[in-house]
Structure formats: C-alpha cells, structure tokens
Amino acid sequence: MLARLSVITLFACAASPTIAQSAPRDLDISFDVEVGEPLMIAGQEQTAYIKITLGGFALPTAHRPPVNLALVLDRSGSMAGDKLEKAKQAALMVVDRLQPDDVLSVIAFDDRVDVLLPASRVTSRDALREKISAISPGGSTALFAGLTFGLEEIGKNRDAKRVNRIILLSDGQANVGPSSPNELGQLGEVAGRQGIAITTVGLGLGYNEDLMTQLAMRSDGNHAFAETGNDLARIFNGELGDVLSVVAQDVSIDIEFDNGVVPVRALGRDATINGRKATVQLSQLYAKQQKYVLFEVKVPPGAAGKKRALADVAVNYSNMINKTKGTKKSAVAVEFASTKVAVAKKQNKAVMEAAIEAIAADQSRQAVLLRDQGKIKEAQKVLVDNARYLQENAARYKSEKLDTYSKVNAHDATNLDSNEKWNATRKGMKAKDYQITNQQAYH
Amino acid sequence: MRAFWLLVTVPLVVAGYLAVRMSSERGELRHHEVQGLLDGRLADVRVRASQAFGAIERELDGALAEAPAGADELRALARRLPIARQVFRLDASGRLTFPVGGPEASRAELEFLERTASIWTGRAILAGDSASDAPSRSGEAQRRPTGEPAGPEDPQAPRARTGEDVTAGRVHSAAGVGDSLVDLAARKPHGWLTWYWAEGVHLLFWRRAPDRGVIGVELERIGVLSRIVGALPTSSLDEGRMELVDSRGQTVHQWGPLRGASSGPSSGDAELAAATLALDAPLDAWQLRYYISPRQRAALADELDLAPLFGIGALALALIGLAVYVYREYTRRLRDAAARVGFVTRVSHELRTPLTNIRLYAELLEDAALDDEDQSQRARVIVGESERLGRLIDNVLAFARHQKGALASRAQRVDVDAVVRDTVAKFGPALDARAIEVKLDLHAPPANANADAIDQIVGNLMSNVERYAANGGEVTVATRAVNGHVIVSVADCGPGVPARDRDTIFEPFKRSATALTDSRGTGIGLAIARELARASGGELALVDSDRGARFELTLPAYGGDLWTS
Amino acid sequence: MDVLIAEDDAAMRGGLTEILEGEGYAVRAAADGAAALDLWRSAHADFVLLDIMMPERSGYDVCREIRRDDRDVPIVFLSAKNEEIDKVLGLELGADDFVMKPFGMRELIARVRAISRRCFQRSAPQPSATFTIADITVIPGELRAVLPDGAVVELSLREVSLLSTFATHPNIVLDRDMLFRTCWGGGKYPNSRTLDQHIAKLRKKIETDTKAPAIIRTVRGVGYRYEGARMPG
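Chains as they are written, first to last, in numbering that gives the first Met the number 0: chain A, 0 to 442; chain B, 0 to 564; chain C, 0 to 232.
Excised from the complex, chain A in its bound form (with noise of 0.2 Å):
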C-alpha cells in the first residue's frame, strides 16, 4: 500500500558502489545503525525503518582471502553454439584470474552430471582450460543434479578461512530433479547456512528467473541476467570482483527491540523474527561495498521532547583478513517532535532513499506477480504508480537513484502487453529487483 508514503523509515541493505560509507578503519567492517527520522511526530503511533549498514575496508594489496570455487554450467542443448562458447570463454577468464592456492572446480550438466574437474588448486591452469574448452553440449537439463555436485566439490575444501562461492549459470529451465523455485529456493538456504553463497546467472530468455533469484536469495549469492553471451564476460568479472574481494563472512545481525517496538517485516532480505528479537544472515562483505538490512518497525506514541530507544543491534562476523571473530554492537533511538518541519529537518536521506527503493522494489514484485496471473491492467497500473511514487520522493530528496529507478519502471510499465516482450521484461525486473534488494554491485 502506498500509505506509507507517509513517514516512512526504511530498513533495507543497499550499497551503493559508488559510495563508501564509512571509510575502513584498520581492516575492519564498518557498522552503523539508522533510523529514516530521527525526530518523529509525537503522539501517535508511527512506522519507523531502520537501516542497518555494514561495509567491507580495502584489501590490503595482494592479500585476499583464498577462494574455493565451483563453476556449475549448463551445458544442455540449448546452451549449443555461441552461448556455450561465451560460456567457456568466460570460464576461462575466471581460471585466469585465479591463484595457485585458489581452490576449483567446473561441473557441467545437462540431463547427466560431469564432474570436470574436481576440487583442486588452480595449479596447472592449461589443463584446466583444455577440460573447460572441450565441454560440449547435451541433453536436457539437470540443475538440481549439476547443483548438488557444487555443493559436494565445495564441501570438500568448504572452511570458514576461504571464500566459498558456487557460480551457476544456466540458459533453460531444470527438467530433471526438483525444479520448484521454492525446492532450490531451500537448496540455497541449506547451502547459505553452510556459508556457501550461490551466484546464479541466467543466460538468453529461457531460464527460470524465479528459480535462480530464489536460490541467489537464500543463499545470499549475487545473480544476474544475461541477454546474450555477450555479457557474460562481463558478468563473470563482475562476480569474480566481488568473489576476489570478500572481506568478512557468516556475518550474523541480531536485532533485540525495545519493548513496545514491534518488528514488521525486513525488507528484502530474509529475517527470522521471533518476538521483539530478529537476526538476519548475511554471507559475506565485499572489500569496497555496503549491504544494509532494513527494518520497519511500529514506534508506539511518544511525548514530545521524549526520546525513545528502537533497538540494540549486534553484528557477529568472521574478519577473512585478520582472520578473527568480530562482534560489534550499537544501537538505535528516536526522539519525539511536535511539528513535521522539525522532523523534515532532520530526516536521514540515505536511509529514506534505500527504504522507498526497497518498497519500490517489492511494488515491483507485485507488479511482476499480476502480470503473471494475466491481470496486465493490473500491474501497469501498480508500476505506473511505483514510478509516480518514486518520482515524488526522487524530488524530495533530490536522489538520482530514485529518479533513475523511477524511469525504469515507467518504461517496465510499457512492456507489458506482449508475451515476448514480457518474458524479457520480467527476466530483467527481476534482476533489478534482486539488485537492490541484495546491493549487487555489478549487473
């Protein structure tokens, strides 16, 4: 509902590439905790979002963490010809990019599994780019199998010192084994538990997206869209970017709320809420990005001139450069205002930004469920409305970001008729949608 327009305090993790948040101090993450409007309206019970923002610190040169790697490729039938070529090619350059203490290994599917090659140094890179230049098409596809021989090749090297990333790119939908995007959706959470994210990239306009965006999800991995081969070079870069920069994992927030507080929902990202408590899972940091966590919360009324503490909120993480459990804590308050241009006055703009963008994001998705039951009326209506929404608040907080994603679901609002076009179209706002949601850096 677009109610909250009114007074509304995002929770959301969002990082912006373009900005550093906090600047590192002495290789450790950065951890701040907003609130959308600090000075609230008294006397009435209010939505409040709280941002929770964590950021990665510079590598030190030539000092990352060593990386265990799977690359889970399709190679079924339709992958034939250019696609899979691109593939290889962007596979190759992923084998270039890594070092002799990385840890590899390439599973190809198709309705059988091939184990390329199994988890091993990236020692003798010719051999490995012999094994991935001979991979030919087949059959049908088996993404759960393909998957599943990931997880197993990982667990081999799977600690908590390397940065363990499965790399899945797929072109078709899962004909064979679990294909439901909420059965993968689980894999991935099973997997994000096991501090394996799972980077999906679907390629062409046949796959899934709500199956790779699902097990992205859970599993805290990145995903991406590919319309042609083309990009995929540029997509495996982008994730061996952030693959090859991973300075802190298994970063658990626990959120307790103060009492009267009451937790509505996370924004985009999956959190357990029991009571006035919620923790949310992130799986790793990036070297130069942020994630956030946003919350909304119900803030019962409070006397002008009275200050009201939100939450506490602790951050438990493994530092992969010092090598050294980190914990940081910090917590939250507002204060209570009588006149709306005091609470103006001080509204938090980067925490508003990332929670109107979060709330777009899920119209979005709202948008992309209507269409899909047929009701195209339905949902122009809502993206129309979302860009409305998002050009308003975009003038008010002068945010280019809001302005940009305003435009974009304007033209998605124009794309809606036919079935082609939709099938595009929706591949496309799903990324989207995902990349804010998850503060991808790349897409």
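Don't read these hints as lab results, they were simulated from the structure.
Beta carbons are placed, not taken as given, at the ideal position from N, Cα and C, and that holds for glycine.
Warning: the hint list may mix true and false statements.
Derived pair list, reagent style DSS-like, types lysine-lysine, alpha-carbon separation capped at 30 Å [unchecked claim]:
#	chain 1	residue 1	chain 2	residue 2
1	A	Lys305	A	Lys327
2	B	Lys438	C	Lys203
3	A	Lys348	A	Lys374
4	A	Lys344	A	Lys306
5	A	Lys297	A	Lys348
6	A	Lys374	A	Lys339
7	C	Lys203	B	Lys425
8	A	Lys339	A	Lys397
9	C	Lys86	B	Lys438
10	C	Lys86	B	Lys187
11	B	Lys438	C	Lys204
12	A	Lys322	A	Lys287
13	A	Lys327	A	Lys306
14	A	Lys406	A	Lys374
15	A	Lys406	A	Lys420
16	A	Lys374	A	Lys429
17	C	Lys204	B	Lys425
18	A	Lys287	A	Lys374
Sample of chain B residues lacking proximity to chain A, with all beta carbon distances greater than 10 Å (derived) [claimed, not checked]:
#	residue
19	Glu72
20	Val251
21	Ala367
22	Arg479
Given chain A, work out where chains B and C should sit, using these hints.
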C-alpha cells in the same frame, strides 16, 4: 520308409527337446545371475547413499547431544545445522516445549507447528522404523514408489506409516505421539520419523535428551536429497542407466549413457526398469532404478542359449544330411529299379505282340496248307523260330531285370512235373526235326518255386540240347526228390562240355570253344538259368556224365516234402 | 455265336478275327476301349476277348463296364503283362480267363472252345441235341465228337454245324452255296478254298483215311455229300 523316418526324427525330437530345456534352464540361470548382478550393482550404489545418510545422522546426533532446552539456544543450534529446517524439543512427559506459539514465535516456527500439528496431537499415526537401519516397508509406503501422489487429499494434514513401536493404546492418546516418542527414546538413543507432505517424504530426526525428554530436528528435504545425490555416481561402468527416483516417481538424479525413451524428467513410465532397489530406511520412499540397454536386455531375456543349440543343430544337420543321402540313394535305386522294370515291361510288351502275331499267322498258314506238306513245314519253322525268339527275349529281359528277390518272394507251390512236361513239349517239333528222342521220367513232388522260372530254366537247357546235341540221339528229362529238394535233370547225348569249360559256361557271353563255329546262341542262356535257379533258392549245375551234357536243377521242395521215388 | 474282340494291334486283330471266324464265330472287332464299349452296347456278344493295354480305355475299364451290364458274359483277357498282380486284378475285375502273350493258335482255340462249352451249359444259344453221323456221336453242347473207336475229338463250332447239316441231309449233294448259307452266318461268304479247307480239317478229325474219305465225299465241281443213314429228326 516310415520306419526310417521314425528312426531319424525320434532322436532329433528328443535331442531338440533336451537342447531347448537345457538352453532355457541355462537362460534362466543366466537371467538370475544377471539379475543378481544388476541387484548387486544397485546395492553397491545404495551403500553410498547409506553412508552419506549415516554421516548426516552422525552429524545430527553429535550436534544435538547437549540438547539445550531454552528457546534461544535451540534457535542458535538450528542455525548451526544447515539441513535442519526446524529444531524441536519435548520434555520428559512428551510435551512439545519448543517451538511454541505466541508472540515470540517466528513465522517459520509457526508454520512448523501448523505442519506437524496432528503429529503432536495424536490425530496422525506416526511411526518410525522399528530397527533404526533395517528397511521397513508397510502397505502405504509400498505404494509410493509407483508414483501415486504421496500426500493425502488434505495437504495440510501429514500422514504417516504405522510401525511396531507405537502400540495401539497409545496412538490415540491426547498427548499424541509425543509421549510415545519419549517412551521410544527410553529404549533407543535416536531414531527417525517420516511423514509425507506436499513434495514428498519429510524426515524428523530425534534424539534422546539428558533430561529424559527428546530433542529433534525437522530436516530440509531437499538438503537431505542433495547430500544423498552428492554421494551417488555421475557416470557408470556399463551402458545402462541408473536413476534415483523420489516418492512421486520423479527422477532426481541419473547417470549412465543410456538415454530414456522420453528424454524428459521421468523416463520411468516409458521403459521398464530391469532392477529396482529402495534406499535403506528411513529413505525407503526413494528408490534406485536400473535401466538397461536393449543389448543388455537381450542378454537377460530368456532366450535360448545358442551354444547347446548349435551342437544340436549340427547333430540335426548331420542326421538330416545322412537321412537325405540315404533316402536319395534309396529312391535312386527304386527309380533305377522302376526304370528297369518299366523298361522291361515296356519292352516285353512291345515284343510280345509282334511275336504272337508272327506265330498266329504262321499257324494260320500251316492250317491253310492243308495237304501241302512243304507249306506246312515252312509254317512250322516260322512258329518254332518265333517261340525261340520268345525265349530269347525272356532271357534277356530276366537278365536286365535283376530281380532275384522278387522271384524268391513269389515262390509258391509248383507242380514241377507239369511245368517240365509243358516246357519240353514246346521243343517237340524242333527236336523231332533233328530226330532227337525225348525221354521223360518225371517223379517230382511239388516244389516251392516260381513256375515261370522253372519253365525258363528248363527251356534254356532244352534250347541248348537243340543247339548242341548231335542229330539223332536222345535227351532224358527226369525229375526226382532228394532230401527236401526237387531235382530236374536234363541229359543229352551231345558232345558234352569240355572239362575246362565246366564253370565258365555259366558265365554270360562265354561259349564253349567247340561251339565257336556255331554262331547260334547268345551265351547268356545258362547264366540266366543259373541266376534264376539261385534266385529261386536252388542251384543249376553241370554234372558228370558218361556222355553228353547233364545239367541238374535243384529246387526247394514245397513244405520240405521228402519224397523219394 | 457272337464274339466281341478288343485289340489295338491291327495284325493281331486280323489274326484273331480270322481264327475265330474260322471256328465259326461271328466276330466284331474294336481297335480301342471306347469302340469296344460302343460295340458292346450296340450289339449282342456271347463272349468277349479283351486286350488290356489299349488306347481310350484299358481292358480293365472295359471289363468293369461290361460287368456292370452283364455279370455272366464270359470275358477273356489277352495280355502281354505277365505280372502276377495283373492276373489277380484281371480275375478280380470279373474276367473268366487270362491268355498270356505270346500264345499260339491252338491255345487260343482251346480256350475259346472251353468258353463256348460254358456258354452252352448256361443257355444261349441253345445247342442242338446230340446226334450221330456215320457211327460218330456228335455232342454239340461240348463241341466234341466220339469216334467209333472211342477216341474223342474236339470240334469247332463250324464243324459241328457242318456235321449237323450233313447229318440232316444225307445222301444228297450239298452244294457250296447251301453249305455257305447254313454254316456261315451273316453275309460273309468265304471263297471255295475256305470251304475246302474246313472240310479237309474236318476229315482229318473224323475220317480214317483222309485220302479216301468215306463219310464226306467230294462231288467235284458241285459240293459234298454225306452217305449214310439219315438221322432221325
């Protein structure tokens, strides 16, 4: 002929039957062997799955060992177990203490309670394996692998299998299976519960807690599946295909080069698996299937083993070859004989009519001669010669006919004297013309012989007499019985036969030297006569005599009469 | 008496016809089995002589057909086949006798006379009663005559006819024509030599001295005369 074919076909049939039996038994044996091989391979794969599952079990057992009771600790514990979907806790009285509803419960916890509500309240009959690792399959579970929908009509209500540990009385108690689980925990340290939900089988691992309660986890189905699949092979050693199939019959993972009839997800319907094996409990809703290639299937099928068949086939061919050869020989001989007989018959028929005509007309002439003695004489000569010609023809034909056996088989009671008399009578005129007197001394009992043969033999002898005996002499034809035989002797007063020719005169186309200048006679008369004698079961011999030639024909007497004159 | 002959060989057919006509039978000859059956159906026959191997229908077939019509008429096979089985078959088909080729005239005549006797015994044609001529007893039914010295001679049918004619017309000259008329049936008149031959044969049988015949005397240029007592009747 029939006996002959019987002799060939009966052993063939017997041998063929034995071969078929042996083949099929060998085929059956091999079928079982191969089936055992396939089952063995599946069992090997299952071991992997069991090991992976065992590892999961050990992990869980270890992780749950402390069995905290507090909500926070339990939640933290769950976070450390990636494949745990939800952790739960029962106290010593079997009451579910975590998760509980209320404001503190997360959405996931609430959903868990919904999902498993009927388990704890006892409306569902929940059970586990009676022995931890022993595969146990009850009626319901057995239906699953064939692909029937696992879930009940109401997807909300889980349904479970019955096991032995849950006694009837307990099942419907208000506290539900919780306390029976506690009872179970008293007897076993840990165990599994399975029940069916939307996608398939769901697994619950429980462990005895130190406070005599129970701690357990509901597992993420797909997580378990993924762990199990990860332990399975990705390639196979043979040309078939193996699959892991879930409780709905959907292929979860497959390996091996053989492609299914439909290259889609579930190829199970299109083909028939050569072997299937359910995983060990509590995963026995999942099944390993083995599909084999047509070539492998051909080897499995109860086809006749070729080796013994080749042997029998060779034997049969040999027998048939032999039979064919013998048959052809036989029929060739038959044909030859028939041809000969046919020839003979035809020739004899051809010859007899003109011969008869000559004779008839000669006789008519003789009749018409009236008192013209010369004319009568001429006619008589013609008649005599035609008779002679007849005898000659008979000799030649008998020679060509070669029917020894036939003669013997047509032996019958013959009045020898009558035949001899008739035969001798035919030569009357010719002998008269040469003034040779015929003396008959006939005292023979009946013989067991062929009348025509006797006629021909005696005729040949008389013919010789006519030819070689001197003019004006006599020929004595006598018959008598000696020791069960009948002897017909023809003795003349001719020049006789030189001693050196005694044996050779019986050979065809030989002639006594002294008769060289005598151009009459073909020289097979005696040969034929002796052949005939022997064919009749007797003998013809030249016997010592004072003067002239004396031939004796010996024949078996009829009934072996001994009648001496 | 009428005889039906079936024989495909022309010479044999001619020979048989001559012999049997000489015996005093009226002969009808067919050259094949079908013609034989036609003759059988179209005219009367007192007995049948059949060759076995014939065109159109074999002797066996003809025998079978004749037997269907008449179970009594004597049938004799003339055959070159001398297999035992053929004889048995022939007799089983209903033939009365088998004559093997080659056969002589006398053998044939003997068989034929035997058949005639059987025919007489049965019925037709009704033989004449026994009669005497010059102390010779002639028994037509047996085709025999008993001579004064007791010897028995066989007579042909014609010979019986001749003797009967003489016996019933003693002491008159019977000219050729008359003898032809009475003893040669049908329109087939032989020439004088034939009559002379028959008389000569007859004389050989019954006269003591054929050069000086006493019973049947020649009347030169006219015919013959029997001198003796008239036979009653």
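We went through each hint and held it up to the structure:
1. A/Lys305 <-> A/Lys327: With a Cα-Cα distance of about 27 Å, the restraint between A/Lys305 and A/Lys327 holds, given a limit of 30 Å.
2. B/Lys438 <-> C/Lys203: Holds: B/Lys438 and C/Lys203 sit about 28 Å apart, inside 30 Å.
3. A/Lys348 <-> A/Lys374: With Cα atoms ~35 Å apart, A/Lys348 and A/Lys374 exceed 30 Å; violated.
4. A/Lys344 <-> A/Lys306: Measuring from Cα to Cα gives roughly 17 Å; hence the hint holds.
5. A/Lys297 <-> A/Lys348: Holds - the C-alpha atoms of A/Lys348 and A/Lys297 are around 20 Å apart, at most 30 Å.
6. A/Lys374 <-> A/Lys339: Violated. A/Lys374 to A/Lys339 sits at ~39 Å, over the 30 Å cutoff.
7. C/Lys203 <-> B/Lys425: Measuring from Cα to Cα gives roughly 23 Å; hence the hint holds.
8. A/Lys339 <-> A/Lys397: Holds, because 19 Å separates the two Cα atoms, which is no more than 30 Å.
9. C/Lys86 <-> B/Lys438: Judged against 30 Å, a Cα distance of about 33 Å means the pair is violated.
10. C/Lys86 <-> B/Lys187: violated (109 Å)
11. B/Lys438 <-> C/Lys204: holds (28 Å)
12. A/Lys322 <-> A/Lys287: At roughly 18 Å apart (the allowed maximum being 30 Å), A/Lys287 and A/Lys322 satisfy the hint.
13. A/Lys327 <-> A/Lys306: holds (23 Å)
14. A/Lys406 <-> A/Lys374: holds (22 Å)
15. A/Lys406 <-> A/Lys420: Distance of about 18 Å is within 30 Å: holds.
16. A/Lys374 <-> A/Lys429: holds (18 Å)
17. C/Lys204 <-> B/Lys425: With Cα atoms ~22 Å apart, C/Lys204 and B/Lys425 stay inside 30 Å; holds.
18. A/Lys287 <-> A/Lys374: Violated, at about 41 Å.
19. Glu72: At roughly 13 Å from the nearest Cβ of chain A, B/Glu72 sits farther out than 10 Å, so the non-interface label holds.
20. Val251: violated (5 Å)
21. Ala367: B/Ala367 clear of chain A: closest Cβ-Cβ about 116 Å, beyond 10 Å.
22. Arg479: Given that every Cβ of chain A is farther than 10 Å from that of B/Arg479, nearest at about 109 Å, it holds.
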